[in-house]
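Here's the letter readout for the chains.
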Amino acid sequence: MSSTSSGAGRVLVAVYGVFALAATARSLVQLFTKADEAPLAYALSALAAVVYIAATLGLAEVGPSPRRLAWAAVVFELVGVLTVGTLTVLDPELFPDATVWSAYGAGYGWLPLVLPFAGIAWLWHTRRSA
Amino acid sequence: MKSRRWNALGQSDLVDSPFPSVVLVASLIFAAVVLVYVVLDRTPDWGLLGAAGFIEGLTLVLLVVAGIQVGGVDLSGGALVTFFGYLVAGLVLLPAGFVWSLAERSRGATAVLMVAGLAQAFVILRAMQVWPS
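These protein sequence lines map, in sequence, to chains A and B. Under the working numbering, think of the first position of the first sequence as 779, with each following residue one higher. Under the working numbering, think of the first position of the second sequence as 87, with each following residue one higher.
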């Protein structure tokens, strides 16, 4: 299998890294300053942060089985953004405060929707040695 | 509505001045220059590193000045943490981008610097939006 952190993968890891940083920071601010306001939305933010960290580490080939970690993270991410996106579009009241995945990530330039597809495509593309 | 206050010197806040916009535009220009490098398949050179260092310096000045002026504005709690969180992120992005980028010589690796430049512009923009004016 060819490297997931090389070539175009390097940019992908960088973008995932930015999202991991942003989601983690946002989640920490929410949990420490207003955890009781919208517990579900903030728990979801924290979950999204963990998923982005896992995807970043997996694609950057850190840890014992990075490819498996990356697959799990990007698939979970895709399910997450589609589920939360659909729920928030149908019922905006469900999550009173925004999360990265609200409205399919429209608040983040739709990148949260595009990223899992890019991640899955890249993992598929690099599945065999070049 | 948050009211605009004046600092001890009786001057308008530097954070409200065009200075943050200069940092933002510099970051966008940096990202655009990196794009040219990617298109021409050129590897990062000292010029790019210098430009990033310049933006890093401007961001540090912004962080320090904001730290001094923050007592004079209506910013507290989550907004305060968010504001400085964005600026601290602004100090981390470019160095981290260079470390990740320079470990490999490829178009993709160079493009990492473009991501760092755009993210830099974004955190400056968000910090400006959080700052009460």
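Hint data in this document are derived by calculation from the structure and do not stem from the laboratory. It is possible that part of the hints are untrue.
[Said to hold, decoys possible] From chain B, some residues computed to sit far from chain A (all C-beta separations above 12 Å):
no., residue
1, Val124
2, Gly136
3, Val156
[Stated by the list, open to error] Part of the chain B face toward chain A, derived, beta carbon under 10 Å:
no., residue
4, Ala118
5, Val119
6, Val151
7, Ser192
8, Met200
[Claimed, not checked] Covered, in the sense of this in silico footprint (three residues per stretch, anywhere, with C-beta under 8 Å from a C-beta of chain B), are these stretches of chain A:
no., stretch
9, 825–834
10, 839–848
11, 861–873
Positions of the beta carbon are idealized from the N, C-alpha and C atoms, including for glycine.
Status of the hints after comparison with the structure:
Under the 12 Å C-beta cut-off, the non-interface status given to B/Val124 relative to chain A is violated; the minimum distance is some 9 Å. In this structure B/Gly136 is separated from chain A by more than 12 Å, as the shortest Cβ-Cβ distance comes to about 21 Å. Chain A leaves B/Val156 outside its interface by the beta-carbon criterion, the shortest separation being 16 Å against a cut-off of 12 Å. Interface hint at B/Ala118: violated, since its Cβ lies 16 Å from the closest Cβ of chain A, which is beyond the 10 Å cut-off.
Taking 10 Å as the C-beta cut-off, the interface hint given for B/Val119 is violated, the closest approach to chain A being about 16 Å. Look at B/Val151: its Cβ only gets to about 22 Å from chain A, farther than 10 Å, so that hint breaks. The interface hint given for B/Ser192 holds, since its Cβ lies 5 Å from the closest Cβ of chain A, which is under the 10 Å cut-off. With a least beta-carbon distance of about 8 Å to chain A, the hint placing B/Met200 at the interface is held under the 10 Å criterion.
Residue count for the stretch 825–834 of chain A with a Cβ under 8 Å from a Cβ of chain B: 0. That is fewer than the three needed, and the coverage hint is violated. For the stretch 839–848 of chain A, the assignment as covered by chain B is violated, since 0 residues bring a beta-carbon within under 8 Å of that chain's beta-carbons and 3 are needed. With a cut-off of 8 Å between beta carbons, the stretch 861–873 of chain A has 0 residues touching chain B; three or more are needed, and the interface restraint is violated.
The structure is inconsistent with the numbered hints 1, 4, 5, 6, 9, 10, 11, although it conforms to all the rest.
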